[in-house]
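> Chain residues, written in single-letter form:
2 protein chains.
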Amino acid sequence: MQLKNYNSIHMTKVTPNDGIFKKRIKTCYSATIPSSLQKCYETGRIDAFKLDWQEGMPNKPHIFWDSDVAKVLEGIANILALYPDKELEKEYDKIIDLIASAQQKDGYLNSFFSSVSSDRWQGLYMNHELYCAGHLFEAAVAGYELLGKKKLLEVACRYADYIESYFGRKEGQVRGIPGHEEIELALIRLYKATGEKRYFDLAKYFIDERGTSPNYFAEVEGKNFTQIERFQAHKPVREQTEAVGHSVRAVYLYCGMADVARLSDDDELFHACETLFENITRKRMYITGGIGSSFSGEIFTTDYDLSNGSLMYAESCAAIGLARFASRMFNATGDGRYAEIVEKTIFNGILSGISLSGDKFFYTNYLEVDDNTYSYNHGAKERQPWFDCSCCPTNFCRFLPEMLSYIWSESDSEITLNLPIANSCQSTFGELEVISRYPYDGKITVKVKSNKKFTLKLRIPEWCKKYEMSLNGVAVTEKAEKTYIAINRTWSETDVVEYNLDMPVRVIHSNLKITGNTGRIALMRGPLVYACETIDNPKGIANMIIKKDQDFELCEVAGLPAETVGIKGKAVAESSPDNEALYFEGDLMRENIEFIAIPYALWNNRGAANMAVWIRCE
Amino acid sequence: MQLKNYNSIHMTKVTPNDGIFKKRIKTCYSATIPSSLQKCYETGRIDAFKLDWQEGMPNKPHIFWDSDVAKVLEGIANILALYPDKELEKEYDKIIDLIASAQQKDGYLNSFFSSVSSDRWQGLYMNHELYCAGHLFEAAVAGYELLGKKKLLEVACRYADYIESYFGRKEGQVRGIPGHEEIELALIRLYKATGEKRYFDLAKYFIDERGTSPNYFAEVEGKNFTQIERFQAHKPVREQTEAVGHSVRAVYLYCGMADVARLSDDDELFHACETLFENITRKRMYITGGIGSSFSGEIFTTDYDLSNGSLMYAESCAAIGLARFASRMFNATGDGRYAEIVEKTIFNGILSGISLSGDKFFYTNYLEVDDNTYSYNHGAKERQPWFDCSCCPTNFCRFLPEMLSYIWSESDSEITLNLPIANSCQSTFGELEVISRYPYDGKITVKVKSNKKFTLKLRIPEWCKKYEMSLNGVAVTEKAEKTYIAINRTWSETDVVEYNLDMPVRVIHSNLKITGNTGRIALMRGPLVYACETIDNPKGIANMIIKKDQDFELCEVAGLPAETVGIKGKAVAESSPDNEALYFEGDLMRENIEFIAIPYALWNNRGAANMAVWIRCE
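Here the protein sequences come in this chain order: A and B.
If you want this note's numbering, it's the 1-based position in the first sequence plus 334.
If you want this note's numbering, it's the 1-based position in the second sequence plus 334.
Just chain A, same shape as in the assembly:
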């Protein structure tokens, strides 16, 4: 297989114009970063690096705290690259100084295992040390690449060097692997930033070692250790064909696998990535791009087990991980079905995780919330400002600006427009400007300000059944290949590509094997999945039946941003002759009503409500 050499055009080269990315990134700067930083201080996550915690003091450090701080730092680097801010930069430098001071002489750096516990490396399967290290590396690379700051990068390299000396297959080394994957993809970033091949080798070691025999976790934890699958360590990664276990760990691993496969032209490893991606997206993914069907263990379960309520998980971090995995797969193949998943996850299962205000978060992204929804671990019917395990809020700190990196990819001869969000982009071939109201409207104008020869590829999403495209007013008739239409020419500074992606309201069924969704439909328009909230549908959701064959109307939605496009249509509301009886005989009453659906990602921005994506139909 010849892997493509697309690279995402980095967010620093992309300026969002109006539209939802710009707004979301601005709230990241104004709300998500400040509130997360404040929480990190309040909870002791930052002071933990002082290494002076003692029994009896408040804010006992926790094994995964360092990762939260690192993710906020990475988010600050991302944001500072877009919004220079001296105050914030000073804060950022101060925290890095503190972190650097916590590094041990041998390079080890972990606030928990340098203060609360001395069990360094003693519980790899649960102790998150390598996971925390990975996030530290990512923060360091972001600071270096975006802001030119070297201090944390040097700290990271010293730590990585120590890890590289400690783990491996050489005599005297420990053949361990992380219980929570993350360091693999982080080491690749560190390798790319520094050019140090040993970081690539270490990432590859962690990936290749996983699930081999003798199995590290089984050896350390004993033969009765039954959770190996939860850590994707039940078999070598190249032999894995189903996405299993903890869903965030899984997709973080697959990101690392995709990176290593591409950098080393490793067909076998890449093929495993393809197979795992197919398994997720064809059998184990919510319509929103959410993944992880069970709060219990935060795991993937079985094919088509995709229930919508209390049991499900669909953690924000898992959706973010899936977008990152899909983006890597796109860049390695140029195949639009991967870009389709990037789009689906961002506009639905990821952005649902954060409030429009930027300071409240879903950990669990339910597809249905009722009066009787029971909140298991990290489940909540309303977004929360923070969690004891606050991986999701801190992931948003970095992911919101990172969204800009998913708009474009380029190779040495091509540029692909993956998400036609309004933006201006400085590519290696010149400036490109996208004018659109995407994802709320399918009309897109691309102004190419370049006089170079290159191929501009414009994505025709799989959801789009009809489109028109023109170049300087002349129809473009090329067929889409792998969902992209390629326009290859020497461009002039005034070239304009205009296209329109037809965006009717679509009625979606799910595979009949998803048994909870039979008799139900979801509405989509463009890439957006819609949901009904009781705010707009006060007669209730579970008792509402949408008529499938009808002309849906588009509408504004009171209380949501002006650009939001809602869907309006005819429905029937059932009511009961006996509201008190648990079970009863007799006919239900029916009443014609009008329903309103809103973009799923925007639910719970107007107060508490019941909500469902999958609505009964007839």
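There's no promise every hint is true.
Treat identical chains as interchangeable: a pair holds within one or across any two.
What the hints assert, rightly or not - Straight-line distance between alpha carbons at most 16 Å, and here's what the computed EDC-like set of lysine to aspartate or glutamate pairs gives: (1) Lys882 with Glu919; (2) Lys882 with Glu952; (3) Lys881 with Glu952; (4) Lys882 with Asp921; (5) Lys799 with Glu919; (6) Lys356 with Glu897; (7) Lys881 with Asp921; (8) Lys881 with Glu919; (9) Lys800 with Asp836; (10) Lys800 with Glu919; (11) Lys902 with Asp883; (12) Lys338 with Glu608; (13) Lys504 with Glu543.
Honestly, the hints are just simulated from the structure, not real lab data.
Mind docking chain B on chain A? Use the hints.
Here is chain B on its own, set in the frame of chain A:
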């Protein structure tokens, strides 16, 4: 409140004639008891009483093992009373000798905490010592009352005396309570068998102490102990209005509360029982009588949270506990709505827990099983011969014969026929014989062989909308009160009451607040809940739609016992134009088919299959 003084007519006075109880009890003798006994030996549960287990030996004892052995012993006593068997009795005596030998000098008796651990009473919230003690007391009482055997009763009394000296509010005593309730109802049985008031007092202490301040569990486990509600210890039991926490613990507690309330004319306590019963049966109970909506913690969750698949629990033991609680409430009130729940649970949610062969068990009684059902703790798509925590199989050892005790109740002037199963009964007023094919047929003949004056009360179930009744051929026109028709007379030896409970197929809706059941119906006939299995419905269940308005037919069911009555009718099977796609647009195909439904309790007796109780309707 004047509590009634009904008592269940004990199973030893009731002989089952043909019909499902007789068959089930016979398999208890021929299969359930032998297989459970064998498993108790195989797993080391019986040898554990030798107290010689040491590290490195197989079959490490477990904290709840003693309860399993005790329940099997209680089952053997029940069975020996019905089927004298010298071999089995020898075995029974031998085990009792072994148990007696394990009693400590001070009376304490627990195989785990006398061998593996010495942490006696150190973890009341989880260690199950008082729970095991309760089951030992119940076994002892059964052996004494049914077989006249005193040895285990003496052991039990010594243990109870020790517990009574250890726990309580006197100086030097520990104000502890059990984490897993059971001992309360057991102490009442011990009190009734021995007349020793102190056992009643101890039961009352455990009940009254629960949830008081200072809270025992919070004190011992620390202020952050968040599981208090799981143990029904979040507030005093008299103030509890919602069934919360571990469902088996809850109903065992409520049984004890009902016993204490009745014996001490404690209106306040009895009112709490009524309120809790209402909360369960009006808001937190499956249509089968199953309770416990979540495998996670094995708990009650919130009102109307009654999902049907992977998440649910509906443990067999919980349904058994609910039947016992309901029976106590009936005997205290004479109100047929309690008898209705006894009936519902036995014929549906309890008997579903055991195979017709008597040697395989559901711990979790799903109402829906699909290809994608994911089995969490103790969940299984097929009945299993045993579990690591095997409370359910051993509960069936005692419950199957115990079913006979739910047929009749009597007071000093009345006899109530609660379950008109074919049987002969030796009441204090003379012999009564019931001829019926109940629950498969509503025609019931009661022959009264007595010349005494008493009131015979015959239950007209709430599910029965039409009935006829005659005494010696003359119509009985009395109205039912609290669902019972009372015939008060001086009886003659040849009196015959005949009645017919109309048993059409009933189409049942559930409250619209049970959101997963909207758009679905369940079929019932008489007290039986029906289910569809893919064995009879090979085109699938989740894609099947039953036409609500139709004349259902009754039918035989291939592979099930000859007396079984199935339901046959018209349905539509949906199929998909795209079996591969996870989500898709387009219309589904529809095909007219015939469906067959079988009694829910009998599903999975013909091999693995998918199954559902709640079926889509139109």
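> For each hint, tell me whether it holds in the structure or not.
Evaluated hints:
no.: 1; hint: Lys882 with Glu919; result: between (27 Å within a copy, 11 Å between copies)
no.: 2; hint: Lys882 with Glu952; result: both (6 Å within a copy, 15 Å between copies)
no.: 3; hint: Lys881 with Glu952; result: both (5 Å within a copy, 14 Å between copies)
no.: 4; hint: Lys882 with Asp921; result: between (22 Å within a copy, 10 Å between copies)
no.: 5; hint: Lys799 with Glu919; result: between (45 Å within a copy, 11 Å between copies)
no.: 6; hint: Lys356 with Glu897; result: within (13 Å within a copy, 70 Å between copies)
no.: 7; hint: Lys881 with Asp921; result: between (20 Å within a copy, 13 Å between copies)
no.: 8; hint: Lys881 with Glu919; result: between (25 Å within a copy, 15 Å between copies)
no.: 9; hint: Lys800 with Asp836; result: within (5 Å within a copy, 60 Å between copies)
no.: 10; hint: Lys800 with Glu919; result: between (48 Å within a copy, 14 Å between copies)
no.: 11; hint: Lys902 with Asp883; result: within (13 Å within a copy, 32 Å between copies)
no.: 12; hint: Lys338 with Glu608; result: within (14 Å within a copy, 70 Å between copies)
no.: 13; hint: Lys504 with Glu543; result: within (13 Å within a copy, 62 Å between copies)
Consistency note: the structure conflicts with none of the earlier hints.
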